[in-house]
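Take a look at the letters that make up each chain.
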Amino acid sequence: MPDIAPIVEMKRINKVFPGVRALSDVNFRLFKGEVHAIMGQNGAGKSTLVKVLTGVYKQDSGEMLLEGRPIRPDSPLAAQKLGINTVYQEVNLCLNLSVAENIFIGREPMKLGSIDWKTMNRKAAEVLLRLNIKIDVTRTLSSYSIAIQQMVAIARVLDSSAKVLILDEPTSSLDEGEVEQLFKVIRKLRDEGLAILFITHFLDQTYQISDRITVLKNGTFVGEYMTEKLPKLELIAKMLGKELSEFNYSATGEAKRDAKRDAERAAAAHGSSAETMLRAEGLGRHGSIAPFDLDLHKGDVLGLAGLLGSGRTEMARLLFGIDSADRGDILVKGKKTTLGSPHSAMMKGLGFCSEDRKNEGIFAELSIRENIILALQAKRGAFRYLTKGKQLEIADKLIKDLAIKTPNSDNEIRQLSGGNQQKVMLARWLATDPSILILDEPTRGIDVGAKLEIMEQILNLSREGLGVIFISSEFEEVIRCSTRVAVLKDKAKVAELQGEDMTERGIMQTIAGGK
Amino acid sequence: MAWWKSLTRKKIFWPLIALGVLMLFNLFFTPNFFRFEIKEGHLYGNVIDILKNGAPIMLLAVGLTLVIATKGIDISVGSIVAISAGVVAMLIGGDLHGVPKYPIPYAMAAALVVSVMCGMWNGMLVARIGMQPVIATLILLVAGRGIAMVTTNAMIVWLYAKPFALLGQGYLLGLPFSIFIVAGLVLMTVIITRRTALGLFIESVGINPTAARFTGINAKNLIFWVYTFCGFCAGVSGLVVCSTVMSADGNNAGVGYEMDAILAVVLGGTSMNGGKFYLVGSMVGALIVQTLTTTIYAFGVPPEIAQVVKALVVWIVSLLQSKTFRSMFLGMFGKKELSV
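Chain order of the listed sequences is V and E.
Taking my numbering, the leading residue of the first sequence gets 1, the next gets one more, and so forth.
Taking my numbering, the leading residue of the second sequence gets 1, the next gets one more, and so forth.
So that you can see chain E by itself, here it is in the shape it has in the complex (with noise of 0.2 Å):
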């Protein structure tokens, strides 16, 4: 039983057996959950749709999975999305030709510069003025939305300039276009943290902020740029929900995402307290709660249940990541290998 002991003890084995599990259900029961489409060419499905409209929170849990490793939080990146959406709207504008008033890459540039001062400000309150990580982004998840309002002119903002489709509804190779998107960040990050000295540094400085200082490590640089990246990734998410629905709402686009985005990473297996983290773990932990969304919905699931069953299962997976607990389940049918 070795193997399998060195199985249950990688990180990643929890969520992917919570994300079997949940796919298994769908296959007994629900309809057609599996079947696959192709239409001109593009793959259609529930999977496919998994895939796509995860893509978003997929995008925060990215730059969140960094932020919790350092033992903080960021709840403002739900805003962010929103300031970005509304960034790229305007300068791309609401023509009904579809001809845009800035080239289209500009006006996202511009949106992703926007996003990342946006992170700029948390980590400066957090990192420099030293405030606590949730206050220091609580202003800007309130303030963020205010100023998505403002740039939107208090208004929805329909774009109508079909390029910029292609983010959040456009196919590549026959898989949406999204994926890509998520996947190039991903590796990007892996690379950033893996490939360089940064992924010990932001696992030290969460294990130990203290040793991490006396060791020379020079925390407060760190945690500044690891909140400014987080503000980068919630601008591409914004960059992505504003493509999808081909509009820009300040009042509504993102809300609530900065939770699902935190529990995709907690699902994944970083922990809240800090520490070792695990971007893959954290894509699963996104998908888990994507085909939970879906899963839902395709079964017909009363709207005012919907969030009821969302918890539970939630609640369930986050239990059997729990080591505590998993000793106490395994006690009960008297294995005490597991006892200390």
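Next up, chain V with everything else stripped away, as it sits in the complex (with noise of 0.2 Å):
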């Protein structure tokens, strides 16, 4: 590759948001001719860097040279106009219009005051040469497959201006076939001189088209690699923030003693053959993961370890009926079942803790009592209404038990820290007596004596019994954690660990091997 001036340069950028740092001192080079991949974990600042760049956001501090020139778009609009061009990830284009229409949209070559049809879908099909597709451009985008969609989307922003190519996870909805097709695409650009920036998730994918890798962590700069000179380990490593040489031995296997002694002293009280409590065979579900085998048993906990994106929340969707699988079969103790909602998978005796506990898990506004009680009153039903004595009852020994930091039971619930609101998510499955508990995430954006609280917690439950599968980015606490690791990537599983190879390096190498 030619390493002359970068065509895009970003220096020293600092964005902050209300209580985090998204971005301290984050540099960031793109080449003309080059495909670059930002890479990092949940929260590493990848796409507040991007929302810079494309001008969504403003940096707080830094400077960004375009072809050695400061500029300072202040609208996606203003950094289109400089040529730097975003395709992202939900296909924003109009179904019903035709490929043609939806290309030139908004800058419709006219005639006497009226569109030139003519004009227009002959260049839409120049456009679309360009990216070696040949199809009929006045038929209506829906009767296209979704990767040419996004071959329109990306043959929308390429004109004579375009310097910067955007790519925001392109890859997430199209199939093995399809990406191909795109990357042929995305390596022609390339050639022709186009700067490329590309986000995903896939692992496999960034090695199969990007020539630089930029990694975050935490919103700061880790560096700048050659991907031909990273070894996928290293990546790894390198997102999670570690050096390959950090592992020590000693560390990790005392961890794993400790997680083996729990497993011992579960298997102990609970008989060696312990019961399965959840069992999955051949279950998955078409662009959200492929099909998989679990088992877990009383007692157990199972870590699901993977990066961000490789199919964990997927699994527990799936396991908690929140999605519905398309293929396979789920086993609650035993017996074979559908899982068509949340509330059945709550009446088997399962819980679910979201990653996403703003979204998906607090109610904001409701009191810290009402949020521990709400799946126990779901379960009962509406008119089996806990009174209000009952209520603070549940509350206050839950409370007490995993040492909720509250004056009082009744205050609401946004006014906890992070890791007290987690541990009431936790309170509530925990008052509906559940027998299977998925923890999505539940040590995340939560400070350390809470995580380690957490963690005591998930052995505390698996010890009386309960079967448990514990999601983390953090390969430390899932070893830490669990008698016995799966291992997710690029939305499947791709191994289990046990025993001795249950090591962090052990987790990274199964991910960086492939299959």
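Simulated from the structure, these hints should not be mistaken for lab results.
In this text, a Cβ means the ideal position worked out from N, Cα and C, and glycines have one as well.
Honestly, I wouldn't trust all of these hints.
To be verified - Only pairs whose alpha carbons sit at most 20 Å apart, straight line, appear in this in silico EDC-like list of lysine to aspartate or glutamate: (1) E:Lys5 with V:Asp204; (2) V:Lys51 with V:Asp116; (3) E:Lys323 with V:Asp433; (4) V:Lys81 with V:Glu9; (5) E:Lys220 with V:Glu360; (6) E:Lys310 with E:Asp49; (7) E:Lys11 with V:Asp410; (8) E:Lys71 with V:Asp323; (9) E:Lys276 with V:Glu365; (10) E:Lys5 with V:Glu412; (11) E:Lys323 with V:Glu365; (12) E:Lys276 with V:Asp323; (13) V:Lys388 with V:Glu360; (14) V:Lys405 with V:Glu365; (15) E:Lys276 with V:Glu360; (16) V:Lys163 with V:Asp211; (17) E:Lys71 with V:Glu360; (18) E:Lys276 with V:Glu412; (19) V:Lys348 with V:Glu281; (20) V:Lys229 with V:Asp204; (21) E:Lys11 with V:Glu412; (22) E:Lys220 with V:Asp433; (23) V:Lys390 with V:Asp433; (24) E:Lys10 with V:Glu412; (25) E:Lys10 with V:Asp410; (26) E:Lys5 with V:Glu9; (27) V:Lys217 with V:Glu281; (28) E:Lys10 with V:Glu365; (29) E:Lys11 with V:Glu365; (30) V:Lys397 with V:Asp323.
Claimed, not checked - Per the computed footprint, the stretches of chain V lying under chain E, defined by three or more beta-carbons under 8 Å from a beta-carbon of chain E, are: (31) 362-373; (32) 475-488.
Got two chains here, each in a separate frame; can you build the complex from them with the hints?
Now the structure itself:
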């Protein structure tokens, strides 16, 4: 690759949102004729950085240069005029208009005050031909596959002035063949000299298409690397914020012994051939997660480890009946069932804490007490109302058991800290007396002390005979709590680790190694 | 000042203040506003009129409070009022000697059944088909007028069956009978929402529908029944309206009532964003709306300006309820205690 001056350069970009430092001193360079991938875990600052570049957000400090000249786009339109174009994840096109209309919407060629359809259709065909696509541009967009729609979205932003093309998760709804088709187009555009910024959660795709990788972690710049010189394993380590050499075997070994001890304890308490609580056989859903097998025993903590977008949450959603599976079976306590809704999953003894506490978990304006008893009340039904006295009793006991810090259970839940809100979520499900608990990132965004308390609770629950599925981006936490770990990658379960293999390095190698 | 703070934090506080200010205004500026007369053992006066004339809106506001709490809206209630009135009028019939075609209780029950079916239709569109509430209920807002017209053969039906006049014109214990209907419906609604978990479920669906689903609440069923109940309330309101004027006019009965009822709910402290709801607040809100109307007439404001005055008062009351505005307003006097 020609290592000349970059076409886009972002220097020491800072951006603070209320309460969060989204970007601190982040650098980013984009070169002509290259595909550049930005990698990082949740909250790494990828999307914030891109939004600064495209004028959605304004940086608090730092400089942006386009071909050496400072720029400060204050809207996506301004960025577009400068030649920075974005194709978003959800294709925002009009399905009921023709392909040509979609490409030229808002800038239709005119003749005598009306749209010059002939020229428009000819030009649209030309632009698509540049992407090696030959289709009838007068047909409606809805008659083509999502892959073609994606290309039309790209064609729309490609005119002579385009310098930078940003693709935000373009492959998330494409199948393998379609991805290859898209990559061909991307390579062609790259070879024509376009600078392409590619955002994806798929590790393998990053290696297939990108020339250069920038890694971010918690809003800070980790480094910029040539893809060919960065082994997958090292990339994963960097995304997790660790150096490979850092893996201290005695430390992880100790953590593992912890887990093992607990496993032994659990096994001793419940007999060695522990009852199977939950079993999935070839369970899957198209476009969400590939078919997988899963076993959860009484007293088990099954960890789901994988990077962001690897399919952990999708798996949890299938198991809790939020999404319906289109293949495979679920067995709860040995009995084959269908989980058509969270309500039916709950009635069969499951509980689920979502990773998105704010949007899928808490009821901000309700009291802590109401937040705690709601699932139990839903389980009992509206007409077997828990009296306020009974509600207080349940809430106060759980507040005490989980050490939720609040002076009064009648306070609104939004006044609590994140860690305490998370404990309330846990309390809500514990109140229903579940036998299987699915916890999606229960330790995200809370302070270290609260993290430890939550993990302690998870171990306690498993000792009491619950089957727990524990999802976390922090592999260290997964290993510390789990008796077994299922590793996910690119929307599929790729392996199950236990015993000696259950180490951070082991998980990372599994992810890096492919199938 | 702790008691003052906890008092102002009560949702019912501001609507009551607004109502009180309106009443004070009348005390000073409207002659004889608070004069009561007793004729034939019944109370008469402006205040009694407000209660009596406000009843139809209050009845609508009960159902709408729950609908709005689920983050929905029902703009078809005015049309359901007309349908209910039309059905009951046609079944009682316009016999000049006051002999009802069908027994009055049957006629009333039939009107309520039809209203409940209207509510189910709305509930089905919103909860099952997933239409936006405004659009879904707009259908019945428009079509309902037509149904009401068809029901009454596009004529105004006059009723002479005396017993039916009790609902809208009758008196009990010296007070208008319609007030007892309102009280009964409010009491029943409070019991079924607050003595069961339904109220809590409605609020949680309004606050966070996704979280409600993930918590095992069947939001779709709940929303369906809330719209159905709203239809029932509109049906009751239609009976009272019909009884008050002893006629049914498919074209004009209940026109614009939905707006007054929505206003009453919002003035009462229930947010259009859904969530916590305040049934008693909605009743106070309906009284504010009705007091305003009565005041404007009693004060002799020309009709062309009346609507503007109404809008102005509503605007002020709404501002008073806005937390942002209140802290801005207090901030102007250098008090910073409300700042976050």
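Hint consistency between E:Lys220 and V:Glu360 [alpha-carbon to alpha-carbon, up to 20 Å]:
holds, 17 Å
Quickly compare the C-alpha distance for E:Lys5 and V:Asp204 to 20 Å and report which way the hint goes.
violated, 59 Å
Keeping to a limit of 20 Å between CA atoms, is the pair of E:Lys310 and E:Asp49 held or broken?
Roughly 18 Å between the alpha carbons, so the hint for E:Lys310 and E:Asp49 holds.
Is E:Lys10 within 20 Å of V:Glu365, Cα to Cα?
Between E:Lys10 and V:Glu365 the Cα gap is close to 14 Å, so the pair holds against 20 Å.
Would the pair E:Lys10 and V:Glu412 pass a check requiring their Cα atoms to be no farther apart than 20 Å?
Holds: E:Lys10 and V:Glu412 sit about 14 Å apart, inside 20 Å.
When you check the alpha-carbon spacing of E:Lys71 and V:Glu360, does it fall within 20 Å?
holds, 17 Å
Given the hinted pair E:Lys11 and V:Glu412, is their Cα-Cα distance within 20 Å?
holds, 15 Å
E:Lys276 and V:Glu365: Cα distance at most 20 Å?
Between E:Lys276 and V:Glu365 the Cα gap is close to 8 Å, so the pair holds against 20 Å.
Does the alpha-carbon distance linking E:Lys276 and V:Glu412 stay inside the 20 Å limit?
Distance of about 12 Å is within 20 Å: holds.
Quick one, are E:Lys10 and V:Asp410 close enough, alpha carbons at most 20 Å?
holds, 15 Å
So if I understand the rule, the pair passes when the alpha-carbon distance is 20 Å or less; does V:Lys217 with V:Glu281 pass?
violated, 36 Å
With the threshold set at 20 Å, check whether the alpha-carbon distance from E:Lys276 to V:Glu360 stays at or below it.
Since the Cα atoms of E:Lys276 and V:Glu360 sit roughly 18 Å apart, the hinted pair holds (cutoff 20 Å).
When each numbered hint is compared with the structure, violations occur for hints 1, 2, 3, 8, 12, 13, 22, 26, 27, 30 and 32.
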